[in-house]
Amino acid sequence: MDKSFGDATWVAGLLALCGPALGGALVAEDGAERFLTAYMQAAGPSGGLRIIPSSLAADALTGSIDLAATLALGKPVLTQGLLQDESRLLVRRAERLDVACASLMAQALDRDALMLIAVMNPHDADAVLAPKLEARLPFRVEGFAEPHFTVAQIARARTKLGTISIDAKWLKELCKAALSIGVESPRAVLQAVAAARGIAALQGLKVVDESCVALAARLVLAHRAQHVPTPDQEPEQDEAPPPPPPPAEAEATENNTPPSPADAEVILEAIKSALPAHLLHMAAEGLGKKGAGRNVKSNAPRKAGGQRGRRIGNKRTSSLTGQRLDIIATLRNAAPWQTLRRKFTGNDRMIVTRDDFRVSRIKQRNEATAIFAVDASGSTAFQRLAEAKGAVETILAECYVRRDRVALVSFRSKKAEVLLPPTRSLERAKRALAGLPGGGGTPLAAGLDEAFALAVQVRRAGGNPIVILLTDGRGNVTRDGEGNRVKATEESLSAAKLFATEGFDAMLIDVSPEPQKTARALAAAMHATYLPMPRASATDIARPISRALQVAAA
Amino acid sequence: MGTEKKSKMRSGYNRIVYPFTAVAGQHELKTCLVLTAVDPTIGGLLAMGDRGTGKSTTVRAFAALLPAIKAVKGCPYHCDPDAPQSACDQCRSAALKTETIKVPVVDLPLGATEDRVAGALDLERALSRGEKVFEPGLLAKANRGYLYIDEVNLLEDHLVDLLLDVAASGENLFEREGLSVRHPARFVLIGSGNPEEGELRPQLLDRFGLSVDVKTPQDVASWVDIVKRRDAYERDPEKFYAQWEPEEIKLRQRIQAGRKRLPDVEIPDSVQESAAALCLALKTDGLRGQLTVIRAARALAAFEKQKTVGLSHIKRMALPALRHRLRRNPLEETGSAVRIERAIQDILGQ
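Keeping their order, the protein sequence lines are chains A and B. Each residue of the first sequence is one higher than the one before, counting from 1 in the numbering used here. Each residue of the second sequence is one higher than the one before, counting from 1001 in the numbering used here.
These aren't lab readings, by the way, just hints derived from the structure by calculation. Don't be surprised by glycine CBs; every beta carbon is placed ideally from N, CA and C. Check before you lean on any hint, since a few could be wrong.
Cut-off 25 Å, straight-line C-alpha distance, at most; resulting in silico cross-link-like pairs (PhoX-like, lysine-lysine) [as the list claims (entries may be wrong)]:
(1) Lys176/A - Lys1215/B
(2) Lys1239/B - Lys160/A
(3) Lys1132/B - Lys343/A
(4) Lys430/A - Lys1283/B
(5) Lys1307/B - Lys1030/B
(6) Lys1239/B - Lys169/A
(7) Lys1215/B - Lys430/A
Footprint (simulated), chain B over chain A, 3 or more residues, beta carbon under 8 Å [stated by the list, open to error]:
(8) 94-100
(9) 167-175
(10) 265-271
(11) 332-343
(12) 420-426
Partial chain A-side listing against chain B, Cβ under 10 Å, derived [what the hints assert, rightly or not]:
(13) Ala21
(14) Ser103
(15) Leu104
(16) Ala127
(17) Pro131
(18) Lys132
(19) Ser512
(20) Glu514
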């Protein structure tokens, strides 16, 4: 069979063939339409997808009351939950799925009761799918799919699927390959094995061969790589004492041919050809495994479209404007009165009065997020950097207690980096801080830009950002990376003004040995509190910051 | 609302569960789960660690392994017919039909609303017949079984509060929507999650009896083991289960034997003192830590067919019992495990 068509085409065919057994795919917006066409052609009417909005409420998945029908009929009418014995769902802007939905879907995916196609915009750095779902979707579709597979082909493949065998050596090679690129969990290998069987079935093969395994590795393992392949460091441990074996181990159809080095090569080559671009870049720059920050995604649960805070119970209300009606609670309050009301009005429908209305109570969390922007350049003398780090660590301890969030931006040499996206996790913060390097020029404007962008993001998500800038204010590298003090200063001042315009709370800690005019000017432009700390220790620096955070959280 | 949802949820779980004894690796997790069955008063289990390590699978597998329990037929709380003092109001009164059921395991999904967890007015009955009847929630379903919370560190604060209250009192007191209901809610709380995503509140941490650090193994042989077994299970669950059934039965019997032996296991004073000294040295908050070490050590001794608790049992149970109870200075570099090991060496000798 011609294997020259692309990965996206294969995924469409595999999902049409295996459905919920393979979980689903994360599809880039650009190629979504073509992918769906290819999928629909292969799946036919029985594989039809149900489109759900990303703002879906968890109720819709499990089933709840159909309000209109209930009121009309006078008897409770239930909507059927979308997660049935076997569901196939399509959701766009999947990053907006709320926590409850993601949780329910993850459970359904584990039971092999759901196939989910999640469409997202790959160019939007904020668009991050809930990690639970991300781990359970084997495929990433980025290119364009061709409508290659037909319903007939799929049907033929399905008859073969149950009998396809895979040599044990392939399982081992897949495990080795996965470990060498830092794949997080064996679950990915299981997904790859299932995919390999599907690929074999689609080609009419009885046994999974090398090309099937290579393709499966590429489709399923490559995008889960955390770093480029490292050489196999440990000696062969086949002879290690095995755990108590089950009574009858080997399947009749399984072979146990010894693996050859060539097999490993094939898989690794396939994977290398599909590694995410940023990993190769990281390898080139000599950055370590699990680079702190670059591909670390914020795992904070996303809030459902626009609703600030979480629903906690309900309350009575006099007016419904701007409030969200809690239907179930309303009906529950109306229910006990029905017999009486019906008697009085002679009406046998469901009678709901204003008194019954209940709206959801939203917990307004005044969650503060402290965004530290640390000048890690050479001009901030080595000692100051250690003190700045110390100050941040002290604040961390308090943030942990108060459950505030912390983010870390650093700028030095030619650019600024978000080392730590907003997190409440102490461990992550400590690690990011420990790894903070110093030296080089001061790209002040870039640092301010990065902190600003983060603050905007936090505010958009409903939080309360506070920016704490630790610097001596002497920018000397422009946004483009040139060394030009005059231009750099201009740029930093204009970047600073943005903070004032947007009204973000900010503090500027002047870490130079003597208070600098430049730093003061910068603080003024930002409308930030200016704090000179000429010979201060870490705790001195930490005190005013923590006071400001306490005030913000109140 | 009730019946429709229930039947849908059950269909997914009719499959043959992955056998507990076939779970590869995860030795500490499996041991601690077994001990919570030998002595449920140890308290719940917290399994924090890497994602994708099969925590949820292991918990479900474990519950399926446990000996079936006798329950009152048709009771939503599966009351124990032999224990009327802890039964619900209906079960306490009449002579009732009994049935045997599997130990219930309830999944608490993140973002669950309070009415799904604590229960609510049965809307169907209220709307159609105007009757005020309580519809039990997840807490009721978990009675006499396990309540599993994935991503427990992201659980909403108000749900955390509710769970703390219920776990402490062993019953759910529901007084809302014109109803006043009190029903038994005694379960073993199992929480899992990834600490990278947030810390658990200390009050909730302390509620868990034992804690386990779950790590994905990093060697090829372990991965191959995990993948081979899981793949074999998925291809033919019945056959796979049949292969492991003897091991399952053996473990079930050992647990039952352990339970029987538990009340007779002795704890010498010297051992009590050592446990106390250990907890003092580690400065654990409150007494719960010490109680848990003792209980866990005793359960371990019972499970291993020993008549007395020895220092070795204490040493083995110190880590899971105390790991999450150390007062933490957030800036301190040394992890809890290291501190506990050190204290064990100092106080209990090597």
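Against the structure, the hints:
no. : hint                  : in the structure
1   : Lys176/A - Lys1215/B  : holds (18 Å)
2   : Lys1239/B - Lys160/A  : holds (20 Å)
3   : Lys1132/B - Lys343/A  : holds (18 Å)
4   : Lys430/A - Lys1283/B  : holds (24 Å)
5   : Lys1307/B - Lys1030/B : holds (23 Å)
6   : Lys1239/B - Lys169/A  : holds (22 Å)
7   : Lys1215/B - Lys430/A  : holds (20 Å)
8   : 94-100                : holds (count 3)
9   : 167-175               : holds (count 5)
10  : 265-271               : violated (count 0)
11  : 332-343               : holds (count 6)
12  : 420-426               : holds (count 4)
13  : Ala21                 : holds (8 Å)
14  : Ser103                : holds (4 Å)
15  : Leu104                : holds (6 Å)
16  : Ala127                : violated (18 Å)
17  : Pro131                : holds (7 Å)
18  : Lys132                : holds (8 Å)
19  : Ser512                : violated (26 Å)
20  : Glu514                : violated (30 Å)
Violation of the numbered hints given earlier is confined to hints 10, 16, 19 and 20; the remaining hints are satisfied by the structure.
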